[in-house]
Amino acid sequence: MNKENLTVLSQEKLTSKIFKMKLQGDSVKTMLTPGQFVHLKVGERHPVLRRPISICSVKADILTIVYRIEGQGTKLLNQKAAGDTVDTLGPLGKGFPLTQESTALLVGGGVGIPPLLYLAEQLYRQGTKVKVILGYRKKEEIFLVEEFQKYGEVFITTEDGSYGRKGFVTDAIAEAGAYDVFYTCGPKPMLRAVETASTKKGYISLEERMGCGVGACLACVCDKQKPFEGKAYVKACRDGPVFEAGEVIV
Amino acid sequence: MSRLQVELPGLNMKNPVMPASGCFGFGQEYAEFYDLNKLGAVAVKAATPEIRAGNPTPRVAETESGMLNAIGLQNPGVDHIVKNELPWLEKFHVPILANIAGKTEEDYIEAARKISASSNVHAVELNVSCPNVKEGGLQFGSDPGMAAGLTKAVKKVSEVPVYVKLSPNVTNITEMAEAVEAAGADGLSMINTLVGMKIDIRTGKPILANKTGGLSGPAVKPVAVRMIYEVSQKVSIPIIGMGGIYTAEDVIEFFMAGASAVAVGTANFSDPFACPQIIDDLDELLKEMNVSNISELTGRSWKSWEKSLS
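Chains as they are written, first to last, in this note's numbering: chain A, 26 to 275; chain B, -2 to 307.
Simulated from the structure, these hints should not be mistaken for lab results.
Among these hints, one or two may not hold up.
Take a look, some chain A residues computed to stay more than 10 Å from chain B by CB distance [stated by the list, open to error]:
#, residue
1, 37
2, 97
3, 98
4, 99
5, 108
6, 147
7, 189
8, 199
9, 200
10, 243
11, 259
Derived PhoX-like pairs: lysine-lysine, alpha-carbon spacing no greater than 25 Å straight-line [claimed, not checked]:
#, chain 1, residue 1, chain 2, residue 2
12, A, 249, A, 225
13, B, 35, A, 213
14, A, 100, B, 35
15, A, 28, B, 35
Ideal placement from N, C-alpha and C gives every residue a C-beta, glycine not left out.
Please model the complete structure; the sequences and the hints are all you need to start from.
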């Protein structure tokens, strides 16, 4: 299991609260699966917990993450400048399996959008047709759209209608047309809505409050739809964060 | 004898550092990071007679230099643990301290009887201090009479020494310690977490689904040090000290307060390599301090001694 002090190459502001950060180090070469995450230590004794951040893209030994400043931890992460290092654990968790079907629909909202970019790239490279629906609150909060456009057609929704279709991501599913499999990441109400709106096979990625990030503390457990082998729960950090749609109660 | 070696009832430890119960699962996750043989002992997650699903999520919330948890003793039940979790640990030459909990005295007796019969369990730890369950746990740990009765009952059935994990959420922790010592406890673990709460000011509601949780991490360290300082002067059984230990210096402080071994909890979450790092640093630090065995430091803060530390 990898732990390494990755070197910060850059921080770039994408919207008022969303930042893109590039980090370099040998362990990045092992970050091969989209949907996995890294666990970042941002303070010595405070905050005590690491921050789980999804992998947005990987090029050789350079990792790109895209995060939103939410609280103290991400504020500290944002203070890191080029040349600083970040104690990074990862890759952690189970990521998205790459489909053998011909058309994949990717649906993302908020900070659930970044991990889908690495997925879009890998699907595109193996020849899968990629369609992407990205949901934002308003025009000023849009990010990563051009990056996704390299890999497929992108449909945008905003809650206030200031850009793209007015409404939620599910309102754009009909417009996106036929697909064989879906992948989604974002807040739970969105995951529920996408699961309900789709009759196809799919994968969801959960954003859970985590403790250890490695499966020991049981902070991020989720209930299974159908318990088996006496086990009614899964750990988002280790058994996930990606699950087959319908596997866990969201 | 090495500088780090310590001997406690049932626990012959090559160094005084063990991961704390509930912060290390049953060891498998952390074994992916380092060789568990490095550890002085392992305190495994609490076992109850029945399968426990634990509390709803969110189960953790961060606070200033600490965290609140309300996992709620989720575990697969003592039978499953004895059959599936403990055997996996047999390949390591590390004593195991098995934490047990229950709703009733009968629960504790059943868990103690079953788990203490496992070949690689060297001691049991009575969890009478979990603040996150409605029944059992803390009720046994806040009444000296009940704690003593439970200790006596478990001592009767346990095949290995019994440690009682004390709660800081009491008016007089010394009274609790004296009561369980008189009832036959072989050692004490202290402290469990402090009951706390964090409110999300955006929703106006407590963050934890359980509303309250147990506070751990560097924020509780001074409380633990004070309680060990007080209790160790009144009992003659050894104390496994815990509460916000992050560094080798912290370990020294706990020993000076009166501990004979230590457990590391929250620090494992900050850094999965916390325990081996502390063990390495501790050896260096003791060498610098010219201490031939760490046990010499137990109770330094209150014992009178002739030779001062150089």
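Using Cβ atoms and 10 Å as the threshold, tell me whether residue 97 of chain A really stays out of contact range of chain B.
8 Å, violated
Can we trust that residue 199 of chain A is non-interface, i.e. its beta-carbon lies farther than 10 Å from all of chain B?
The assertion about residue 199 of chain A holds, with a minimum of 33 Å to chain B.
Would you say residue 243 of chain A is clear of chain B, with no C-beta pair closer than or equal to 10 Å?
5 Å, violated
Measure nothing beyond the straight line between the CA atoms of residue 100 of chain A and residue 35 of chain B; if it is 25 Å or shorter, mark the hint as holding.
36 Å, violated
Is the nearest Cβ of chain B still more than 10 Å from the Cβ of residue 200 of chain A?
33 Å, holds
Quick one, are residue 35 of chain B and residue 213 of chain A close enough, alpha carbons at most 25 Å?
41 Å, violated
Distance rule for residue 108 of chain A, whose beta carbon must clear each one in chain B by more than 10 Å:
22 Å, holds
For residue 147 of chain A, which was marked as not at the interface, is the minimum beta-carbon distance to chain B over 10 Å?
It holds; residue 147 of chain A is separated from chain B by about 25 Å at its closest Cβ, greater than 10 Å.
If we take the beta carbon of residue 189 of chain A, is the closest beta carbon in chain B still more than 10 Å away?
Consistent with the label, residue 189 of chain A stays out of reach of chain B, its closest Cβ about 27 Å off (over 10 Å).
So if I understand the rule, the pair passes when the alpha-carbon distance is 25 Å or less; does residue 28 of chain A with residue 35 of chain B pass?
At roughly 18 Å apart (the allowed maximum being 25 Å), residue 35 of chain B and residue 28 of chain A satisfy the hint.
Against the 25 Å threshold, does the CA-CA distance of residue 249 of chain A and residue 225 of chain A hold or violate the hint?
With a Cα-Cα distance of about 19 Å, the restraint between residue 249 of chain A and residue 225 of chain A holds, given a limit of 25 Å.
Compute the least Cβ-Cβ separation between residue 98 of chain A and chain B, then decide whether it is above 10 Å.
8 Å, violated
Checked against the numbered hints given earlier, the structure breaks hints 2, 3, 10, 13, 14 and satisfies all the rest.
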